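**Student:** Spelled out from the first residue to the last, the chains are:
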Amino acid sequence: MSGAAATRLDPWRRSAAATAGLYLHFVRLAFLKFLAYRLRYYTGVISYTIFVAGYYYLYRALYASRAPGPGGVAEMGGLTVGEMITYVAVGWIGRSFYFNNIGRDLMHQVREGQIAMQLIKPYDVQSVMMFEAAGEAVFRLVMFTVPITVVIVPLFGVHLPPQPVLLGWTVLSFTLSLVVYSQLNFLVGCLAFHMKNIDGVLRAKMVSGDFLAGVIVPFSFFPEWFQRVVEWLPFQAIGYLPVMIYLGKRPGDELWQALLVQAGWAVGLWLAGRVAFRRSLRQVVVQGG
Amino acid sequence: MSDVLIRVRDLTRDYRLIKRREGVVGGLVDLVRPRWSTLRAVADVSFDIAPGEMVGYIGANGAGKSTTIKMLTGILTPTGGEVTVGGLVPWKQRRQYTRHIGAVFGQRTQLWWDLAVVESFRLLKKIYEVPDDVYAAQMGVFNELLGIDEFLHQPVRKLSLGQRMRCDLAAALLHKPRILFLDEPTIGLDVVAKENVRRFLREIRDLQGVTVILTTHDLGDIEQLCRRVMIIDKGRVHFDGELEELRRRTGHRVRMTVDFREPTSGARLATVTAGLPVVWQEGEGRRHVAEFRRLDVAGADVIKRVVNDCPVRDLALAEPDIEEIVREIYRDSAAAAAPAPGRSA
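Residue numbers (our numbering), protein chains in the order written: chain A, 3 to 291; chain B, 3 to 347.
If we strip away everything but chain A, and leave its shape as in the complex, we get (with noise of 0.2 Å):
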């Protein structure tokens, strides 16, 4: 076919105000098909709270057994009986929040191939989930934060942080803790195209991921090694810093510091997600047609 006319075809690009547009869209898109499910959401009001009460009668038992310390107060972990409660109420009602499941998503579409349909469209994948995660999280603060907070802290007399700006300082940490959620689960999900199930591996994920963000029990309880191995991992950048920030323990430089390592693990896991799954597409086969 030498000297055959060629058609050409134009690398297409998107304007950066398209690509906005486009990704609030996926984060709209998100929130109504939650909303389609938003029934779920219900009975997940009634298992948080009881969570929440169990932690409640737990740590109210220890710190009665306890002899009051030089204060006058029974401390554990350098915390107060009314602190340890507030830490649980805060670690679980962030977690209503920042909580997703796009790593499974990812697994299931691996799986089933249907990650194919979402390659033939110009777009980043790993954004557009990240969108749709942020979609999740909007319907979860209206459907399921906003109702357990209402419900948790009269309840149980979770405390309001020292300073009032803590609060939004908090907020902003649980929004670096969606970030860096989402971005952990991305990459955990890529292990599907390598390997066949990873149900496993998204299970042991999940339930080592709470215990290492420190949302079932405070890293003060942890002996003094297993704190340094634990600083260095992402895990507390998701549930244990925003904690501390809301209860006043990350004064002055340390607040900046704490929302510094979040902004790290954040951008550092994204970084890591996008190579794992170039990588993963370069290699491996997306089953079926």
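There may be inaccurate statements among the hints.
[As the list claims (entries may be wrong)] Computed cross-link-like contacts, BS3-like style, restricted to lysine-lysine with a CA-CA straight-line distance of at most 27 Å:
id, chain 1, residue 1, chain 2, residue 2
1, B, K236, A, K35
2, B, K21, A, K198
3, B, K178, A, K123
Simulated from the structure, these hints should not be mistaken for lab results.
Small disclaimer: the values here were computed from a predicted structure and weren't measured.
Since the structure of chain A is provided, determine the placement of chain B on it from the hints.
**Tutor:** Only chain B this time, still in chain A's reference frame:
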């Protein structure tokens, strides 16, 4: 020389598979020291496709059809060879390239499962930056040709397969792509729905001049839509040419079914057509079937002999369907070393 839109040269894709050992111990050994084997799914495939062509890409399961399509759509990176579509390399410039293509993979949908159909279209409008007037015009065309306005506000999960396929076709064409990839577009559809899909594809090609590459098991799709056919087996292209040429290759084989007025023996028929390249298949009683090639003998000559010698009640000539032709092409290329065995007596 004609214009080229899709240029494929020596395209090759290998899959690496673990050769499993047997038993529990074998399974454990596999974990530590896997034995890899390589499967060549697509081997040195080359072709050119001009703008506006409608090409049927056919082959059995596992022949390499889907792998080729995946490389052409940028989903899969080849092991070797090159593909350029309008100067773009699909898997390297995925985002710049996919704006120009649409795809329908019959077994899956690109619509958002939980949302009303119209929400998917609105999203696609944003994804491809379709201007308002183009969007309105395209939706008008789809309503007219596919009648999608009936279920535009239903969630995708509640659509029938036929309705979903109509929506998927519209979704793939909303942004007026230059190339449309169809992987088994009529799979699972009933006769009426199939016919609707085919009619739509013909109309949209005439209307918007889209280049279509179609893989299918259903040779009716090819017969009704494509002038050009490529046959792939074991990763290699065995035939690339016009459908008419494919028929010619097999010498215009014809199957003649004859109903006689009285029971007739095969031996008698063999003597009747002695000297003509006609093969009588094992028949019974009054009905017999003969095969011959129009290239070797005129149908009229065969019929004349039979009708003159035996009382015939009825007689029908039928051309083989493409499935048979494809099977023959496979057989011929399998026995490529030896000359193809003659079919004449």
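**Student:** Compare the structure with each hint and give your call.
**Tutor:** Hints versus structure:
no.	hint	result
1	B:K236 <-> A:K35	violated, 43 Å
2	B:K21 <-> A:K198	holds, 16 Å
3	B:K178 <-> A:K123	holds, 14 Å
In summary, the structure is inconsistent with hint 1 from the numbered list given earlier, while agreeing with all the others.
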